[in-house]
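K.L.:
Letter by letter, the chains look like this.
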Amino acid sequence: MEESHAGFLQEEADKLEKRRARARTLQFFYRFTVGLLFKLLVAGIYVGIVIAIIFPPVGLYVLGAALAAFLLSLVPVPIERYEEYLKTNLLPEIFKRLYPEYTYDPEGLNMESIKASGIFNSSLFKKAERIEGEDRVSGEIKGVKVDFNEVEFYSYPINWGKTIGFIFLLILLLPFIIWRLLTSDGDMSSDHGGSSSSSGGLLIRDEVKFYRGLFLHADFHKKFHGSVYMMPKKLVKYGDRFSDEFSTSGRPINLENAQLNELYQVTAPDPQLAYYLLSPKVLESIFEIYQREKALPIVILRDGQMYMTIPWQRDYFAVDLRTKIQGPEYFGKYLSEIESFQKIVEHMALDTRIWTKN
Amino acid sequence: MSKSTAQVLIFVFILVTLPIFFITIPVIISYYNRIKRANNNIDFSYGGMDVQLKKRADLIPNLVSSVKTIMKHETELFERITSLRSGIASAEERSAERFQMEGELSSAMGALNVSMENYPEIKSNTNMLQLQRNLTETEEQISAARRAYNSAVLNINNMITTFPGNIFGAAFDAKEGTYFQATEGDTKNPNIGNLFGV
Chain A
0 MEESHAGFLQ
10 EEADKLEKRR
20 ARARTLQFFY
30 RFTVGLLFKL
40 LVAGIYVGIV
50 IAIIFPPVGL
60 YVLGAALAAF
70 LLSLVPVPIE
80 RYEEYLKTNL
90 LPEIFKRLYP
100 EYTYDPEGLN
110 MESIKASGIF
120 NSSLFKKAER
130 IEGEDRVSGE
140 IKGVKVDFNE
150 VEFYSYPINW
160 GKTIGFIFLL
170 ILLLPFIIWR
180 LLTSDGDMSS
190 DHGGSSSSSG
200 GLLIRDEVKF
210 YRGLFLHADF
220 HKKFHGSVYM
230 MPKKLVKYGD
240 RFSDEFSTSG
250 RPINLENAQL
260 NELYQVTAPD
270 PQLAYYLLSP
280 KVLESIFEIY
290 QREKALPIVI
300 LRDGQMYMTI
310 PWQRDYFAVD
320 LRTKIQGPEY
330 FGKYLSEIES
340 FQKIVEHMAL
350 DTRIWTKN
Chain B
0 MSKSTAQVLI
10 FVFILVTLPI
20 FFITIPVIIS
30 YYNRIKRANN
40 NIDFSYGGMD
50 VQLKKRADLI
60 PNLVSSVKTI
70 MKHETELFER
80 ITSLRSGIAS
90 AEERSAERFQ
100 MEGELSSAMG
110 ALNVSMENYP
120 EIKSNTNMLQ
130 LQRNLTETEE
140 QISAARRAYN
150 SAVLNINNMI
160 TTFPGNIFGA
170 AFDAKEGTYF
180 QATEGDTKNP
190 NIGNLFGV
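In order, the protein sequences belong to chains A and B.
Residue numbers for the first sequence follow numbering that gives the first Met the number 0, so the first one is 0 and each next one is one higher.
Residue numbers for the second sequence follow numbering that gives the first Met the number 0, so the first one is 0 and each next one is one higher.
Some hints could be false.
To give an idea of the chain A side of the interface with chain B (calculated C-beta under 8 Å), a few residues [unchecked claim]:
| hint | residue |
| --- | --- |
| 1 | Asn-253 |
| 2 | Pro-270 |
| 3 | Gln-271 |
| 4 | Tyr-275 |
| 5 | Tyr-289 |
| 6 | Glu-328 |
These are calculated hints, taken from the structure and not from any lab test.
Please read all numbers here as calculations on a predicted model, not as lab measurements.
Even glycine gets a Cβ: it sits at the ideal position worked out from N, Cα and C.
Chain B with its partners taken away, still in its complex shape:
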């Protein structure tokens, strides 16, 4: 091989490999970082939501034990709440099953709130009202945390299910997130007027 041919070959080699250094590698790094950041966001949002879900789980026994003696006709509802609470404790984190149960628990708590309307002795008890207040506030926080979590999930799902993100997603072992769907109770505004005769 002549010197000039070798020089041409080296030039072609540089020309072919140059984009790898200046385009391909930065693109790979960028996708890697974006996926990592999106995953971190999910973890962060989930952490915030988990705190609120646990707070609710801690409030439930107090509420149930306080109203159980008064609301004697709601045995079925109390059983459902207790069973959902223990089911959630044993469910796998971030699983669709857990989110389903959390959603059902929100609905059950909403139903309990509505039922309490029929018991004037509850409505006149300030401790009970305080407990209910905490629960309603926690439900609002859960709703906000759920929306933040779903937004983070949407972000990573959009990233790794569209081209070329799907290739990088598969390469970096990124998994689609599970949405925490709102239950019917979450999307309705609480009718506080009815609850307290305001």
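Chain A extracted, bound-state conformation:
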């Protein structure tokens, strides 16, 4: 590492250590004060809602608790502040100084490429109510345009078990509600009207993260038209998540690499195109990624571009409050993660641009 970089990292490490120590202490207090109080308030609100049906004045306490919970939710979480500083201030600066060929965006999402890739099923985009991106790195690796980011797909399906349980609870409380309606002097009617109008609110939904992984888009070193799909066999059964074009994209192709043949189902409109793109070197590289990362990437080569996603829970540039920052070595894990991006591209031999595409 260059001396100027080492000096810069040392300086940043010192600053970060001060923030880390402060964030760690604050996080400890936060967890046992704000965090605990917030959880107690939320629990109290749920109980209060049920009691308020029987005894409406409790509703005022529920409102108060809801207001307090709202105010508490505004208190910044120390670990999140620390992460925000790292990702919005420090990492972009590290990229700028050490890897000027890349740009880093902590919340970037390469949606256009994700959609163009055809990796994910079109129905998945309809199903996904929220798609989030994180840690987007884009730039050039040895003349090859690349774009990486972590991607997460979320849906909010109705949890029928919880919904039925909630409705059952309401039914149990129905006699009390009716009794309150009959005996009330009219004040209750407005409350009752409010709850019934939001019948949709009776449905309890879960947040389901149904896909998380690294997504890569790179300019492939060969010019071609058509799509070649490499789908791990164990993922083929998840037809609802991954490419709907996969099953209809062409003929199955047998690879010469017996191990990859065991792991992958490959389809292409023309075997010659598949073998042209999936050269022994590219196949070897995919196998090396599998061995190194212990994960099978889904690879789609389409119209001169390469798209790849590695389904995993790995979180790039994750923060760690427990580890003391003693010097520039601390950044080693972040630097190695940046280099792991490079390795993926190098493994795919995308940098061996034998000739230009033209």
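We have chain A already, so just place chain B on it with the hints.
P.N.:
Chain B only, in chain A's frame:
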């Protein structure tokens, strides 16, 4: 023969011949179609490969005539390339002999590429580079087509050399395909860095 005996015999006859209609005939048709499809795949793959091999054969005279005057010490290599090219033109299609010669030609072209490294005037000539570029691209296409062809050959060979496919294969006159084996040059990655001082 009594009526009841005749009825029993007819019943036994139906019982014996029924599998012919519902099992044997469909199996025969299925094998026939599979063998035909596998043969068609070989023809298709061979067609794709032949296009690339012919493209290379057309590129060779241009390349050789362009570099011959500069690379005066490679006479032997040029002679080998020319002789292989004319040998291929007269060889029987899909024969092991032709594939052998095509493989040797790939090796010779690889050797020519490496030798060109020693001639700076070639490396600085853009037309020459373009020609070499086309040739390298064609070699890659040939390699892909060869792999597709070999995969098709493997498919039919597996089908007609294993039981009961070997019986149907013999009955339908199916022939084992000839593999186009890779030469040493095909399996190596080209060292382009050395070639152009990248």
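K.L.:
Indicate, hint by hint, whether the structure satisfies it.
P.N.:
A quick look at each hint next to the structure:
The interface hint given for Asn-253(A) is met, as the beta carbon of that residue sits about 5 Å from the closest beta carbon of chain B, less than 8 Å. Contact between Pro-270(A) and chain B, as hinted, is supported at the beta carbon level, the nearest pair being about 4 Å apart and thus within 8 Å. Residue-level restraint check for Gln-271(A) holds (minimum Cβ-Cβ distance to chain B is 5 Å; threshold 8 Å). The interface hint given for Tyr-275(A) is met, as the beta carbon of that residue sits about 4 Å from the closest beta carbon of chain B, less than 8 Å.
The restraint placing Tyr-289(A) at the interface with chain B is violated, with a minimum CB-CB distance near 20 Å, outside the 8 Å limit. At a threshold of 8 Å, the smallest CB-CB gap from Glu-328(A) to chain B is about 33 Å, leaving the interface hint violated.
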